[in-house]
Structures are given as C-alpha cells and as structure tokens.
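If you read the sequence shown in this note's numbering, its first letter stands for residue 1, the second for the next number, and so on.
Hints in this document: simulated from the structure, not taken from any laboratory.
Note that the structure is predicted; figures quoted are calculated from it, not measured.
Watch out, some of these pointers could steer you wrong.
Said to hold, decoys possible - Calculated lysine-lysine pairs in the DSS-like style (CA-CA distance at most 27 Å, straight line): (1) K166 to K71; (2) K135 to K119; (3) K333 to K251; (4) K160 to K138; (5) K119 to K47; (6) K166 to K66; (7) K47 to K71; (8) K150 to K166; (9) K99 to K66; (10) K328 to K251; (11) K47 to K99; (12) K251 to K290.
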Amino acid sequence: MFFTLSTQLEHMSGSVIRVPSKKLAVISSLMEVIPGKSICVKCKGTKLLCGKRECPILVKISSYFKHASSKRNIEGASPPSVFIGSRSMRVSIQVPNEKFGDTSVYSNPEGRWIHMDLKEIVDMRYELIGGYPEKIEKTIDEIREINLSKKSVDVEMTLKRAPRSKIELSDEIQPIGPSAPLLEIDYSQRGSNRSVEKVYYEEDMPAIEEIRIHEFNALGNRFLIIMFPGAWKYESMEAWYPGTTWNPFGKRTYVLSDWEPFSGRSTYAQIGGCYYAARLAVLEKLVSEKRQASVLILREAYPEYLMPLGVWLVRESVREALSREAVKLEEVKDLLNFLRYKLRIPPEEWMKNGILLREILQQKRITDFF
1 MFFTLSTQLE HMSGSVIRVP SKKLAVISSL MEVIPGKSIC VKCKGTKLLC GKRECPILVK
61 ISSYFKHASS KRNIEGASPP SVFIGSRSMR VSIQVPNEKF GDTSVYSNPE GRWIHMDLKE
121 IVDMRYELIG GYPEKIEKTI DEIREINLSK KSVDVEMTLK RAPRSKIELS DEIQPIGPSA
181 PLLEIDYSQR GSNRSVEKVY YEEDMPAIEE IRIHEFNALG NRFLIIMFPG AWKYESMEAW
241 YPGTTWNPFG KRTYVLSDWE PFSGRSTYAQ IGGCYYAARL AVLEKLVSEK RQASVLILRE
301 AYPEYLMPLG VWLVRESVRE ALSREAVKLE EVKDLLNFLR YKLRIPPEEW MKNGILLREI
361 LQQKRITDFF
C-alpha cells in the first residue's frame with residue numbers, strides 16, 4: 001500500500017517524495033476510514049477503477065503533505081475563517097500558518113475561486129489549520145469577534161497536539177485542513193462589520209417580460225439559469241454523470257430535483273445546501289432589479305468534477321452566470337431547441353424528473369386562447 005502510494009505521489013509531483021516512518025503512520029491514519037470492501041483498496045490509486053481521470057484521495061494526500069505541520073504553536077492571519085461543521089466536525093478557528101496580511105482569499109470564494117484550478121483550491125483548504133475548543137462556551141466570544149471582523153485577523157493559537165486530519169472516502173466531504181484541540185488563543189482586534197441591511201417593498205415586484213437564459217461552466221459543471229415571466233417559483237435540478245462524486249459507480253446519469261411554489265417550502269431540500277446556495281444568488285439578482293420570475297436551474301456535473309468542493313461552487317457559478325448577458329427568447333417552444341443544443345441531457349428527461357419545466361411547457365393560460 002505504502003509503496004504504491006509513494007509511487008503515485010512521485011508521479012503527481014514530478015519528483016521523488018521520501019516518506020519517513022512517522023509519515024507512513026500518518027498515511028495509515030488517513031486511510032483507515034476506507035471500508036474494507038471498497039474498490040479503493042483494490043485500486044490503490046493506480047487503476048482508476050472509479051472512472052475518474054485522477055485519484056481524488058491521492059490529490060488530497062499530496063496536498064496534505066505539502067502543507068503538513070507538526071507545530072503546536074500556530075501564527076498567521078485568519079481570513080477571518082470559522083469552520084462550523086456538522087455531526088462529528090467541530091467548530092474551529094482556521095489560520096494559514098505563517099501567512100500574514102490579507103488572507104481573505106482562503107475563505108472568501110466570491111469572484112475568485114470560480115476561476116481557479118481545482119488543485120489550487122484543495123491546497124488552500126489544507127493550508128488552513130483549525131483550532132477547536134473542547135468546550136465551546138469558553139471561547140464563544142473570541143470565535144464571534146474573529147468571525148465578525150471586516151479584515152484578516154492576526155491570530156496566535158496554542159494547540160494541544162500537532163494538527164492532523166482524516167481523508168474520508170465520502171462524496172459528501174470536501175477538503176478540510178488539519179485541526180487539533182485549542183488550548184490558548186490570542187488575536188488582534190479589528191473593526192467589526194455589524195451592519196445589517198433590510199429592504200422592504202410595499203408593492204409586489206413586477207415579473208420579467210421575456211424568457212432569460214444565463215450560462216456558466218466551471219470545474220466540470222455546466223449551469224443554466226432559466227427565468228420565465230410569472231410569479232416566483234423555483235426549482236433546482238442536478239444531473240450527475242457516471243464517474244462523478246454523487247454517482248461514482250453508476251452506469252447511467254441520475255437526475256435530482258427539488259422545488260418550491262410561491263408560498264415556499266416547509267421541509268429541507270433533499271439536494272441540500274446547493275439548493276439554497278443557488279436560490280440566494282438568484283434572489284440577489286431579482287431583488288437588485290426589483291423583479292420576480294419563475295426560475296429553473298439546470299446543472300450537469302461531468303466526470304471532470306473530481307471531488308466535492310462545497311456549496312460555494314454552486315453559489316458563485318450562479319452569480320457568475322447571472323452577471324453575464326442573457327440569451328432572451330420570446331416563445332417557450334424555442335427553449336426546447338436551445339436546451340438540446342446546450343445540454344447533453346434532452347429536455348424530455350428534465351421534464352420527466354422535474355416539475356417547473358413541464359408545467360410551463362404544458363400548461364394553458366387564459367391568454368393562450370386569445
């Protein structure tokens with residue numbers, strides 16, 4: 001196992017990486033989460049049995065060792081960044097070790113990450129070292145102040161042990177840097193951004209007047225944002241091709257969908273955070289124009305999308321798409337030809353798995369009879 005891994009790391013970096021015995025133990029710790037029957041055990045990163053063009057586990061391990069640190073005293077400028085995970089992932093203050101000045105790029109993907117290479121993003125995630133309090137109530141004030149800062153915050157952390165991480169074989173887990181229990185923390189105070197803007201509209205927002213289509217492609221994903229004249233409705237659909245993170249071993253493309261009518265929804269979307277990240281970007285655009293629309297988001301995720309990077313990718317892709325000039329159509333029937341031209345999945349498949357597109361294409365309005 002270790003020989004194969006060393007060979008792969010050498011191939012990826014172009015130079016020999018000699019792995020000391022201590023690091024071999026670290027690799028063992030990193031990899032112990034792989035299920036015994038996983039094809040990863042058979043593959044060991046050499047055969048690409050998952051169908052991906054590159055082993056995502058080896059990409060993560062290569063980045064991990066590039067930035068691994070055995071130090072317990074960490075100094076650097078927090079972007080600011082506070083990681084708030086779920087389940088077993090604890091709240092932690094994140095700091096890129098020995099990086100000072102403006103480090104906002106490490107936690108603020110807006111307008112920047114979407115144009116970066118996937119490995120650059122993975123590297124940035126593993127550069128962030130997390131210090132998590134074993135009793136959150138003891139450092140809640142520090143966490144709050146750091147996170148509210150307008151600018152990067154100089155932080156000194158003393159950790160209980162050397163930071164470490166696990167690289168889990170899970171399509172739900174994005175790259176997360178090493179962490180350790182936090183013993184002490186000191187930081188410089190900066191001005192806090194405590195302003196909250198509220199906007200009220202006494203009248204309903206008028207609907208847009210034509211069909212608009214915005215498009216953007218990023219890191220093996222294609223996004224189409226389609227806006228129809230009418231009251232607010234929203235549907236987000238995702239198509240995951242074989243070999244992608246949500247469909248690694250499938251033989252056909254899987255289409256997922258969640259939607260909400262004008263009255264909203266009362267349950268959490270099955271698609272998860274991507275549904276809400278895209279909705280936020282769409283609502284920002286509509287509010288800025290003081291308009292409303294029925295909105296359909298179609299996402300095709302191709303095998304080039306090597307690993308999950310977080311819901312920021314969806315939010316920033318939709319924002320980027322909406323910042324570009326839209327293709328405008330007058331007739332709904334023209335949309336079908338456009339979708340056949342732009343997407344690999346035919347519109348009939350989207351209609352079969354969704355609600356909004358089928359509803360708009362098939363429903364009859366009063367105006368259709370005059």
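Within 27 Å, alpha carbon to alpha carbon, are K333 and K251? Roughly 31 Å separates the two Cα atoms, so the pair is violated.
Has the given pair, K251 with K290, been kept, meaning a C-alpha gap of at most 27 Å? Violated: K251 and K290 sit about 44 Å apart, past 27 Å.
Restraint status (C-alpha distance of K119 to K47 at most 27 Å): holds, 21 Å
Are K135 and K119 close enough, with their CA atoms no more than 27 Å apart? Roughly 34 Å separates the two Cα atoms, so the pair is violated.
27 Å Cα cutoff - pair K166, K71: Holds - the C-alpha atoms of K71 and K166 are around 18 Å apart, at most 27 Å.
Hint consistency between K166 and K66 [alpha-carbon to alpha-carbon, up to 27 Å]: Cα-Cα ~15 Å, so holds.
Does K138 lie within 27 Å of K160 when you go C-alpha to C-alpha? holds, 16 Å
27 Å Cα cutoff - pair K99, K66: Since the Cα atoms of K99 and K66 sit roughly 15 Å apart, the hinted pair holds (cutoff 27 Å).
Given the hint that K47 pairs with K99, test it: the Cα-Cα distance must not exceed 27 Å. violated, 38 Å
Need the status of pair K150, K166: alpha-carbon distance at most 27 Å? Roughly 31 Å separates the two Cα atoms, so the pair is violated.
Does K47 pair with K71 here, judged by a C-alpha cut-off of 27 Å? violated, 36 Å
Is K328 within 27 Å of K251, Cα to Cα? violated, 35 Å
When the structure is compared with the earlier hints, violations turn up for hints 2, 3, 7, 8, 10, 11, 12 and for no others.
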